[in-house]
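Chain by chain, the residues:
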Amino acid sequence: MSRNIYWCAAVAALLGNPLNTFAADDADLQSIRDQIQQLKQSSEQSNLQLEQRLQQAEKDAAQAQAAAQQPVRSSAGPSNVNSFNPAVAMILSGTYGQLRQDPAIPATGFAMNANNTGYTRGFSLQESELSISANIDPEFSGVGTFSLAPEGGISVENGFVQSSALGNGLNLKFGRFFSGLGYLNEQHSHVWDFVDQPLVYRVLWDNQIADDGLQLKWLAPTDIFVEIGGELGRGLGFPGTNQNKNGAGSGVLFAHIGDDIGIEQSWRAGVSLHETRRVDAVSVAVPDLLNTAGGVSNSFSGDSQTTGLDFVWKYSHNGNIRERYLKVQSEYFRRKENGLLTYDFTAQGVSPPGANTPGSYSVTQSGWYLQSVYQFMPTWRTGLRYDRLDSGTASVGASIAANVISNYAFNPSRLTWMVDYNPSEFSRIRLQLARDDSRQRLAENQMFLQYIMSLGAHGAHQY
Amino acid sequence: MNKLFYTMGLIVLAIVSAPAFAALNVFACEPEWAALTQQLAGNQASIYTATGALQDPHQVQARPSLIAKARSANLLVCTGAELEIGWMPVVLRESGNSAIQPGSSGNFEAAQYVAMLEVPTRLDRAEGDVHAAGNPHIQTDPRNFLPIAEALSQRLIQLDPANTAYYQQQLATFNQQWRAAIAKWEKQAAPLKGVPVIAHHKGFPYLNDWLGLKEVAELEPKPGMEPSAAYLGRVLNELQQHPAKMVIRAAYQNERPSEWIAERAHIPAVMLPFTVGGTPQATDLFTMFDDTIQRLLAGLK
Numbered sequence: 001m002s003r004n005i006y007w008c009a010a011v012a013a014l015l016g017n018p019l020n021t022f023a024a025d026d027a028d029l030q031s032i033r034d035q036i037q038q039l040k041q042s043s044e045q046s047n048l049q050l051e052q053r054l055q056q057a058e059k060d061a062a063q064a065q066a067a068a069q070q071p072v073r074s075s076a077g078p079s080n081v082n083s084f085n086p087a088v089a090m091i092l093s094g095t096y097g098q099l100r101q102d103p104a105i106p107a108t109g110f111a112m113n114a115n116n117t118g119y120t121r122g123f124s125l126q127e128s129e130l131s132i133s134a135n136i137d138p139e140f141s142g143v144g145t146f147s148l149a150p151e152g153g154i155s156v157e158n159g160f161v162q163s164s165a166l167g168n169g170l171n172l173k174f175g176r177f178f179s180g181l182g183y184l185n186e187q188h189s190h191v192w193d194f195v196d197q198p199l200v201y202r203v204l205w206d207n208q209i210a211d212d213g214l215q216l217k218w219l220a221p222t223d224i225f226v227e228i229g230g231e232l233g234r235g236l237g238f239p240g241t242n243q244n245k246n247g248a249g250s251g252v253l254f255a256h257i258g259d260d261i262g263i264e265q266s267w268r269a270g271v272s273l274h275e276t277r278r279v280d281a282v283s284v285a286v287p288d289l290l291n292t293a294g295g296v297s298n299s300f301s302g303d304s305q306t307t308g309l310d311f312v313w314k315y316s317h318n319g320n321i322r323e324r325y326l327k328v329q330s331e332y333f334r335r336k337e338n339g340l341l342t343y344d345f346t347a348q349g350v351s352p353p354g355a356n357t358p359g360s361y362s363v364t365q366s367g368w369y370l371q372s373v374y375q376f377m378p379t380w381r382t383g384l385r386y387d388r389l390d391s392g393t394a395s396v397g398a399s400i401a402a403n404v405i406s407n408y409a410f411n412p413s414r415l416t417w418m419v420d421y422n423p424s425e426f427s428r429i430r431l432q433l434a435r436d437d438s439r440q441r442l443a444e445n446q447m448f449l450q451y452i453m454s455l456g457a458h459g460a461h462q463y
Numbered sequence: 464m465n466k467l468f469y470t471m472g473l474i475v476l477a478i479v480s481a482p483a484f485a486a487l488n489v490f491a492c493e494p495e496w497a498a499l500t501q502q503l504a505g506n507q508a509s510i511y512t513a514t515g516a517l518q519d520p521h522q523v524q525a526r527p528s529l530i531a532k533a534r535s536a537n538l539l540v541c542t543g544a545e546l547e548i549g550w551m552p553v554v555l556r557e558s559g560n561s562a563i564q565p566g567s568s569g570n571f572e573a574a575q576y577v578a579m580l581e582v583p584t585r586l587d588r589a590e591g592d593v594h595a596a597g598n599p600h601i602q603t604d605p606r607n608f609l610p611i612a613e614a615l616s617q618r619l620i621q622l623d624p625a626n627t628a629y630y631q632q633q634l635a636t637f638n639q640q641w642r643a644a645i646a647k648w649e650k651q652a653a654p655l656k657g658v659p660v661i662a663h664h665k666g667f668p669y670l671n672d673w674l675g676l677k678e679v680a681e682l683e684p685k686p687g688m689e690p691s692a693a694y695l696g697r698v699l700n701e702l703q704q705h706p707a708k709m710v711i712r713a714a715y716q717n718e719r720p721s722e723w724i725a726e727r728a729h730i731p732a733v734m735l736p737f738t739v740g741g742t743p744q745a746t747d748l749f750t751m752f753d754d755t756i757q758r759l760l761a762g763l764k
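First to last, the protein sequences are chains A and B. So in my numbering, the last spot in the first sequence is 463, and the numbers never skip. So in my numbering, the last spot in the second sequence is 764, and the numbers never skip.
So here's chain A without its partners, still in its complex pose:
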């Protein structure tokens, strides 16, 4: 625009002096051309300066505006009774299972253990998990996790209060919580690397042991991670028997140690001890030496002591888990039970011989798994797991020795492969194939499809 004005002025100046123009010779013409050129150049320079000033003015205005907006951020907003709302998250998950055998059939030799596989044939909604957490006050924080069963009903999966206000590396937790034993036990089902838990967790801990009680952990003030913890509980979760009594029904001790190796590797190892006294623990459909159709119902009372070892190692190139990582983990548990077993306690009278009479019973069961998960590219992971159980050889009292199977001579095992796709941190779709040989003469191939979606608050994950 301003350039045109200069041009007009130049033309007007020439027009305003027509006589000179007519009289002009070549030299004059050249000088006029030079003048015009100069005018043109100076106009361009002025234009440039004007543009720069305009840009500066715009920038200043923007900065002034930004400065004017800044205090708004810190000023008090409208008051709102909800502003202290806790973090709410919900997990939705479902599976499709293709299984030849009924999943209710227990692993051979473990009919007196927990046998909830957590999966079914066909389409099914898995439990939906609603989790609400917040700081309660400067001293305490609380978490409530409610499990909504697909068939209806709601149960409190976790409901605990935690305090690190004690300082000195002490951490206190009370309420209902997943025990700190082992490695997988504290992890919620939506972060499991497979559709189901390892067999050893299924039969020894009913997939995951939670108890009502309290936990105290102490973290040593060392450069490497050394943590010891203890729990006292009601004895609610399997193998506990939820008794009506004062005092503690179960106790747990655990220790963890861990560190990094450079920036690429990290590891954690642990030992655990769990003890409980089982009272009238009832098992149904237990096979016996008489081959009773449908099995019999047994009742056990005695001491249960479980020891465990766990180890996990993770590797990622440059420590950048976003791109690729490898995780290898393994756990081993061994349970010793010693007490009195009442064989076929629902029988009327004492037939067959041994029925409804207690006899001494002690057995050592054990199991382990080794698994590895590899994220081979962002959003895609694959994993392989091998499981094995040993039902042990029971020493059975003479009164019931003719009825109770002491040695199944079969080691349940399973090989599982999975691949999952994670479009974001909040969604996961998984395919799992397994060769399940956990039930004698009932080996089968299993296929699962699963989705796990999380809505709401961004939860922080444990190691």
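None of these hints come from the bench; they were simulated from the model. Among the clues, some could well be false.
Unchecked claim - Below, computed lysine to aspartate or glutamate pairings styled on EDC-like, alpha-carbon distance capped at 20 Å: (1) K327/A - D519/B; (2) K665/B - E425/A; (3) K665/B - D206/A; (4) K685/B - E425/A; (5) K685/B - E323/A; (6) K685/B - E581/B; (7) K650/B - D754/B.
Starting from the known structure of chain A, fit chain B onto it as the hints suggest.
For chain B alone, kept in the frame of chain A given last:
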């Protein structure tokens, strides 16, 4: 025998008293805050850096080592603004250290002291991994370090009042050097003004705001989502209407998407340090910006 006891006693004494040389144990969430703390606290602090420049700071695991280091920290220096939301809450909870919990004087969040950009008006996960408090990558604008340094220095003084004079001196030196450096960088970076660029992740709004780079597209369809081949194709198409001079990414980000675009659009792919240690040249805060500007200028040629 006595000699042996004496030697052992000395060793034990050395181990026990080793941490006492530094007044403060600092747990820095990202390398840039470790570097800033180093500038401001000098030898008064022993600093542990929780993440490396080649790690995505959104995705870090609450490793046992982090929990152990947080246990003995007097001061936590983090970005905040939800950058560390996926791991820091677990580290804090498991540390059993009441001095560094949120709200206490041992918990310092740098994002609280700068004007945040890209504060979302709509909070919806359909928009990808957005942060309610605004874009947390505040360390790419050197001007942000001035208010943060001021606040961090005050925090150091609050925690370690015996060394007040030292911290004040350090801050004054830093401010002076930093202001001079900013002036130098701005002069060097003048040709970058208005240059259109593509970014891998929305990690550079503060850098763009400072240098006047114009970000015309991102390679991630939504923040935090992986760039897909189909989406990269769309970006390439759009580039024909809105050409860019270069495609920039942080050191920790995968080079393949930006190199794919660079090759087809015939523009350079420029890797920026993003934080201290991101490139061999970026050894401290000063060289981090030196190198950032050198790499951008090289991309322009």
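Holds or violated: K650/B with D754/B, Cα cutoff 20 Å?
-> 15 Å, holds
Keeping to a limit of 20 Å between CA atoms, is the pair of K685/B and E425/A held or broken?
-> 13 Å, holds
Holds or violated: K685/B to E581/B, with C-alpha atoms at most 20 Å apart = The given pair, whose Cα atoms are some 14 Å apart, holds under the 20 Å limit.
Verify the proposed pairing of K685/B with E323/A, using a straight-line Cα cut of 20 Å.
-> 17 Å, holds
Is the straight-line distance between the alpha-carbon of K665/B and that of D206/A 20 Å or less?
-> 45 Å, violated
Agreement of K327/A and D519/B with the hint, judged by alpha carbon distance not exceeding 20 Å | Status holds; Cα separation ~18 Å.
Within 20 Å, alpha carbon to alpha carbon, are K665/B and E425/A?
-> 17 Å, holds
Violation of the numbered hints given earlier is confined to hint 3; every other hint is satisfied by the structure.
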